[in-house]
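Given next are the chains, with one letter for each unit.
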Amino acid sequence: MKCIIPGTNIKVFGKAIHSLSKIGEELYLEPLEHGLALRTVNAARSAYGCFIFAPEFFYHYDDSSGGTEGEMEDVEETFKCKIQMKSVLAVFRSLSTLERTVDRCKITLDEGPRLVFQLYCKHSITKTYNLTFQECETLQAVFSKDLCPNAITAQAKLLTEVVQNFQLSLEEITLIVSPEKVILKNYVESEPDPSKVLHTQMSLAAEEFDYFQIGVDTELTFCLKELRAILAFAEAAGMPLSLHFETSGKPIVFSLEGDPAFDANFVMATLADLGSTQGSQSSQQQAINRPGTSMAGTSKTKRTVKKTQQQGSKRNESDIMENRRFQANRQPNRSCAGGNSFLPMDSGFDDMMNDGMDDVIAMGANEMEAAMSQETEQQRNGTSRHEASPERSASPEIPLELGKRPRTHYPDEKPTSHDQSHDDVSMVMEEEGEEEEVLVPGTPPSKRFRSMFFGISSQSQATQAPAETADTAEVLCEDTDDED
Amino acid sequence: MRFRAKIVDIACIQHFTRVVSTISKLCKTCTFRLTPGKIYFILSEQVANGGVSMWCELPQANFFDQFQMEGVSAEDNEIYLELVPDNMSRALKSAQAAKLVKIKLTKKHAACLTFDIELPSLTNQSRTVVHDVPVNVIARRLWGEYQEPAMPQFDVSVYLPALKTIKTVVEKMKNLSNFLVLSANRNGDMTLKVETDLAEVTTLFRELEIPSWSREEESGVSQSDRDTDEMAEARVDIRKFSQFLAGQQVNPDRIICNIVDGNILHFFVLHEDLSLQYFIPTVAI
Chain A
1 MKCIIPGTNI KVFGKAIHSL SKIGEELYLE PLEHGLALRT VNAARSAYGC FIFAPEFFYH
61 YDDSSGGTEG EMEDVEETFK CKIQMKSVLA VFRSLSTLER TVDRCKITLD EGPRLVFQLY
121 CKHSITKTYN LTFQECETLQ AVFSKDLCPN AITAQAKLLT EVVQNFQLSL EEITLIVSPE
181 KVILKNYVES EPDPSKVLHT QMSLAAEEFD YFQIGVDTEL TFCLKELRAI LAFAEAAGMP
241 LSLHFETSGK PIVFSLEGDP AFDANFVMAT LADLGSTQGS QSSQQQAINR PGTSMAGTSK
301 TKRTVKKTQQ QGSKRNESDI MENRRFQANR QPNRSCAGGN SFLPMDSGFD DMMNDGMDDV
361 IAMGANEMEA AMSQETEQQR NGTSRHEASP ERSASPEIPL ELGKRPRTHY PDEKPTSHDQ
421 SHDDVSMVME EEGEEEEVLV PGTPPSKRFR SMFFGISSQS QATQAPAETA DTAEVLCEDT
481 DDED
Chain B
1 MRFRAKIVDI ACIQHFTRVV STISKLCKTC TFRLTPGKIY FILSEQVANG GVSMWCELPQ
61 ANFFDQFQME GVSAEDNEIY LELVPDNMSR ALKSAQAAKL VKIKLTKKHA ACLTFDIELP
121 SLTNQSRTVV HDVPVNVIAR RLWGEYQEPA MPQFDVSVYL PALKTIKTVV EKMKNLSNFL
181 VLSANRNGDM TLKVETDLAE VTTLFRELEI PSWSREEESG VSQSDRDTDE MAEARVDIRK
241 FSQFLAGQQV NPDRIICNIV DGNILHFFVL HEDLSLQYFI PTVAI
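Residue numbers (UniProt numbering), protein chains in the order written: chain A, 1 to 484; chain B, 1 to 285.
Hints were generated in silico from the structure; no laboratory data involved.
No incorrect hints appear here.
So these bits of chain A aren't anywhere near chain B, every CB distance computed over 10 Å:
| hint | residue |
| --- | --- |
| 1 | GLY7 |
| 2 | LYS15 |
| 3 | LEU32 |
| 4 | HIS60 |
| 5 | ALA90 |
| 6 | ARG104 |
| 7 | GLY112 |
| 8 | HIS123 |
| 9 | ILE125 |
| 10 | ASN130 |
| 11 | ALA151 |
| 12 | ALA156 |
| 13 | ILE176 |
| 14 | ALA232 |
| 15 | ALA236 |
| 16 | GLY258 |
Simulated restraints on C-beta separations:
| hint | chain 1 | residue 1 | chain 2 | residue 2 | range |
| --- | --- | --- | --- | --- | --- |
| 17 | A | SER124 | B | GLU195 | 57 to 65 Å |
| 18 | A | ASP210 | B | HIS109 | 28 to 36 Å |
| 19 | A | ALA90 | B | LEU198 | 40 to 48 Å |
| 20 | A | ALA232 | B | ILE285 | 46 to 54 Å |
| 21 | B | LYS99 | A | PRO192 | 31 to 39 Å |
| 22 | B | LEU270 | A | GLY258 | 51 to 59 Å |
| 23 | B | GLU171 | A | GLY112 | 49 to 57 Å |
| 24 | A | HIS60 | B | GLN14 | 51 to 59 Å |
For each residue, glycine too, the CB sits at the ideal point set by N, CA and C.
In isolation and in its complexed conformation, chain B is listed as follows (with noise of 0.2 Å):
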């Protein structure tokens, strides 16, 4: 097993850094992936925890100038580690004006994850920083559970409206309830609301865009004969809602939001380098 891989380009580095940091804020621990094309950071949280789910997969030639890896075997050429984004965060925070970043797989006081990082100086000769962050290497027989999760049957599917107007909007939510309910329809048409014994507060945003999903994407019968102005609603953890909209540090050119009504809602960053999907499970009254 494996891995090396280098990043010049100081943008390059930035915006690893600003994807890296985002996943930190999702997660305490993930699952870095890595495949020959793609790089992938991965959650599957136990229900008992809250059934939070996390798929991002970086193509790496996007990122990365040098990217060399060698799998568990040929047929298996693939690499899975676990750790905490934090400390990769951490490690990717002293690079922001970095020459050059080097990560690699190493065997050092346990297995790690090593960032080196060359650093510009007043002299000739640079300054290098190396952090190792500590990995598990996962065994080949658990990596069926980090198998990428299907595509939801969603009822409803509707781009977000500005991700600054709405997490304004949650922050303030979050004062007043721990749950929140997101319901849309196929008009464009979504809700906020959370609940109080006092209040009930709802903020309405209108003529949202409707994604348009090809056919085999939207594979789900139910949706096809669903009434345009029906509702369908989840009522999720106000604290992870909040926390996926405070975390996104890459500037997403749009986020979709799937809505399974009752049972999940399913949000779809998009952006040219990179995808990300978040899944929050709806929690019952």
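Isolated chain A, as found in the complex (with noise of 0.2 Å):
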């Protein structure tokens, strides 16, 4: 890959990553068809950011993975890689400096050992940066915008001045739609004393935004410091800042779009909490119902009777048998629900991008996501279909997903506790999608952003699972005979 970014776009490249470096640590770099594709997530898993600037953004843009390879030259196998956020940041740290120096910076990355940025300033002085990265898959969230039934489109000035009226210590907002107005809270925790708390609480009302279509009353929450980062990019860009989100406990999409050459992806976890679950239950369903959804809408039906079926034979059979044909009866519905991102209303909205599961297998390896490798291991022993298993542990809350091909590594992983896991892992996929499908209020309670990503959510799914699995699996056979 090689790339000239011209001087003028300097600074929208520096800030870019200026952004995406207070949400997470490292940087994935990927050269695509469409543009070179930046990527974060942060240490949580909770917060995703991604740009894509297009060829247009670049003097010269070449995404070939390298001229030595040509036979190797699918889109598929582009040469991707992650690097230190601190290391590229050095490189683009004094953004005034750089607009006025630089009159072009050149990014060349391909099979040798360095990912390289040369920054060609005046009087002929060359800047070069030689920078270690790691390869790896594809970081991609599992997000889709269009079947929201939320949107709203503010300035990002109108949003600064939001955010300005909470205090720079605040963690988390919640925001509170209806029809006619919005309403930004800090969120309080319960653990030092509520009472002494400063609550703080703004309320917009609808004509303050560019767009606004609010289809589900819902609130959600959602964390500051993230979306900080955001406002500081859209701001200084000028752009108009697009928020997509459905319910609690769904992620909230944050994206900065019109300008031709770029655009920026932001995909949050929100907080979900028992109570607005169910109160999102029945504007789900209003959601659904609304014209426009009704292809979900119907697939949606056909789900759940299918899930229904599934219910049924479920409880005398074993689990791997379970989830092997749950699977199987997702396959086609995926399929008829027409392509990646006009799923159902069930699978969360979540575009399926189908990317690699790299990331993940990697950090399989460190023992914190040891959850993750069970996922894979269940990919592979449960069935062949693995596109419906990650994404059906990832889908309801789980907005970021890495990739969905089927893997081989870690063949030998956890053999002993296979079985069991395996177990624990089809429950929560279970639970999940009773939630989604037949929307059921299946939500634990108190679990702090369920909606984390891949790894760590369905680790600590997994964890919550056999408590919860009573209870939800009863709830879950009475509500799917009420629709059948």
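Dock chain to chain to rebuild the complex, using the hints, since each chain is given by itself in its own frame.
Written as structure tokens, this is what we have:
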């Protein structure tokens, strides 16, 4: 990959990196046919940011993985890497200086040992940064903006002014929307005495927004720090920011569109809590019934039916078998739902980007990601239809997902615990499936940010699973019966 | 118990914000006292915590366009609240361009002083920000602890030199020692001194003005027969002093410094809209 950023665009590029650096520790760089993708995810995997700079953004853009391996040059095999945010930040540290002095910036990534940033400055000075990188698979969040019942577009300045009313130390903010207005509150944890804490609430009339479509009244809580990072970029770029969201526990997507040279999407997990899940249940159904989502609606019903059969048989069968079928059942639905982004409601609006699992696998190596490898295992063992499984486990509250290609890594990972873990995971999947499809409020109470991404989430859910199973299974059956 | 007030004038909002911000820099928690004519910020620290005390009073009419209150009873028509002035200051930060600020005592999740701020917007409808500052209502029987401190029988009283000058000096001295000796005489000489094992640094200010206190205020007997050249001194925690100097956001007209030799430093911040007194006890060597 080789690309050259003109001096006039260097500031935007640098700002993008600054903004991503406030979210994650590592920068994922991937040259795509339609542009250079810069992505990051935070350590908790609850926030994801992605910029795609179109070829127009550059003087010169060549996404090939380097001339030597022409035969390998299909899209899947472009060279991707991740670098330490710190090191790339060093290149773009002082944006005002860069803007004044840099004529162009060349980024080269090939099979060589380094990712090279070359800044061609005034007076024929060339600054070359050779950054070490790690090869990796694509990092991709699973989300779809198109089916979200709620969409708001606001000028970055408006949102910045709103956010300024909140303390810098505030971690999470709650967004409450109704067709007339938007309310933002500081999220107060129950930990220190909530009655001793300053409560702040701001309300904005719908007219203040450039675009305002609320299909479902909802209330969601997400991290403020990342939002500030996004706003910092949006304000500098002078672009309006769009918010797409559904209900609590489902991811919220912030996007910057309108500039042909680049677009940016940020996905943030939202806090799931019991109260609002119940509230959202009916509203979600409402949303399904609204015109325009009918396709999703019907396919949902289909799925529910299948699910019901599934549930019925489930009790008497082994979980593994169940799981297999479960996924088998899913598969056709997926395709009937019409490809990537137009998934039925129940798949959580999550856009499937079938990208590499490698990153997760890599993390599986860290013991912290044990659950992830369970999932992988399950994928391999439970079914070859790996598409369904990670999505299942990921989709309802897990906006981010790393690919779903079958993996053959770690063949011997946890051979003893396998059955057990498999069991748990499949239970979890059930719950989630039920949650989305039958829309039963099965979200466990007080689990902060269940919408964590992949590994962590499945881990935490796996641990929750045994406690919840009995309860939710009951509800699940009742509800499915109703629907029948 | 009821309280409701409104500020419309932006200058008043900003002024009130500066007052609260000054208070928030001087203490972590304080008592907010409301009477029909005045509002007060009161701090009286336990000796164990440093023994600093503060008394700030503002005639409400200088700030508020509307001010209604109903105290505990007709004869005790006052309200005493304990609050964190920093919360109040944060709440008011939202109001820097406000059209209207309403402050009222509410019962929400807990007793709160609610700041209801109306901000201009791009549309007809205003943006509103509501901050609920949690408060504790102080019971009637405890009010006695928050009486105005008596004017000390000072030995020497001088006007402090320009705030900016003295602030710079004290900031530098803070790096050297934890304690500062402030001494002054009735000729208008004042010294600030820090001592370390290796050095002693003294800054001398001359020809400071001497405030003219009326006879009844100068109730002390000791001072009248005091030699004009005799220095009265007080050794205080330099952080408290520097905090006091740095916290001043209100652009005071003058600051009077009264010294009770070896006992206490008393600052009297003069401003047309408010008065602020601050007491720093001396620390023995």
